[in-house]
Amino acid sequence: MRQAQYFVVVTDSMEPTIPVNSLIRVNKSDRDFEVDDIVSVFIDVNNDEAREIVTHRIASIHEESGTLRTMSDHFREIDRWVVKKTDVIGKVELIIPHVGWLAMFLQRNVIVFIILAIISVMIYLYILINNWHKQ
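Heads up, the sequence shown is in this note's numbering, so the first residue is 1 and it goes up one at a time.
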């Protein structure tokens, strides 16, 4: 069974394919990838021993070493890092442009969202009941 994770793209490295602030669904797969697949990977981008999530296109696959090379669509250059297949989170299966800000807001402000939802339901019910009593 494939599991999915959702991420928000925060840089322009994959434009125009994936615009900044897009929400993407990444399906964890059996690591069966092909050149040109877009994947999310864990990688130490800044050489500071902190692994970050990067979403780029596969430029080449090296079966003998179990690694692959990625590249950005925007800059059309192969990334300086080498990705182990075990560091691949999964393949991008869905791109929803320009809604990432909403996902990030809801993630950071869950309580505010819940309160607004409750207030909205209460207002709707008040209007509904008021209209029903007038009839």
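Please note: incorrect hints may appear among the correct ones.
Unchecked claim - With a cut-off of at most 30 Å between alpha-carbon atoms, the simulated BS3-like pairs for lysine-lysine come out as follows:
{"#": "1", "residue 1": "LYS84", "residue 2": "LYS28"}
{"#": "2", "residue 1": "LYS85", "residue 2": "LYS28"}
{"#": "3", "residue 1": "LYS28", "residue 2": "LYS91"}
As the list claims (entries may be wrong) - What follows is a set of in silico ranges between Cβ atoms, one per label pair, in the way DEER data are often shown:
{"#": "4", "residue 1": "TRP132", "residue 2": "GLU52", "range": "50 to 58 Å"}
{"#": "5", "residue 1": "THR17", "residue 2": "ASN109", "range": "41 to 49 Å"}
{"#": "6", "residue 1": "ILE119", "residue 2": "ARG80", "range": "25 to 33 Å"}
{"#": "7", "residue 1": "GLU52", "residue 2": "ILE96", "range": "18 to 26 Å"}
{"#": "8", "residue 1": "ILE119", "residue 2": "ASP48", "range": "41 to 49 Å"}
{"#": "9", "residue 1": "ALA103", "residue 2": "ARG51", "range": "20 to 28 Å"}
{"#": "10", "residue 1": "ASN131", "residue 2": "ARG51", "range": "23 to 31 Å"}
{"#": "11", "residue 1": "ILE115", "residue 2": "ARG76", "range": "42 to 50 Å"}
By construction, these hints were calculated from the structure, which means they are not laboratory data.
We put the beta carbon where it would ideally sit given N, CA and C, even for glycine.
We went through each hint and held it up to the structure:
1. LYS84 to LYS28: holds (15 Å)
2. LYS85 to LYS28: Within the cut-off at roughly 12 Å; holds.
3. LYS28 to LYS91: With Cα atoms ~7 Å apart, LYS28 and LYS91 stay inside 30 Å; holds.
4. TRP132 to GLU52: 50 to 58 Å: Once the Cβ atoms are compared, 54 Å apart, the range 50 to 58 Å for GLU52 and TRP132 holds.
5. THR17 to ASN109: 41 to 49 Å: The hinted range 41 to 49 Å is violated for THR17 and ASN109, with Cβ atoms some 29 Å apart.
6. ILE119 to ARG80: 25 to 33 Å: violated (50 Å)
7. GLU52 to ILE96: 18 to 26 Å: Holds: the Cβ-Cβ distance is about 22 Å, inside 18 to 26 Å.
8. ILE119 to ASP48: 41 to 49 Å: 44 Å Cβ-Cβ, so the 41 to 49 Å window holds.
9. ALA103 to ARG51: 20 to 28 Å: Given a distance of about 22 Å, which is inside 20 to 28 Å, the answer is holds.
10. ASN131 to ARG51: 23 to 31 Å: violated (56 Å)
11. ILE115 to ARG76: 42 to 50 Å: holds (46 Å)
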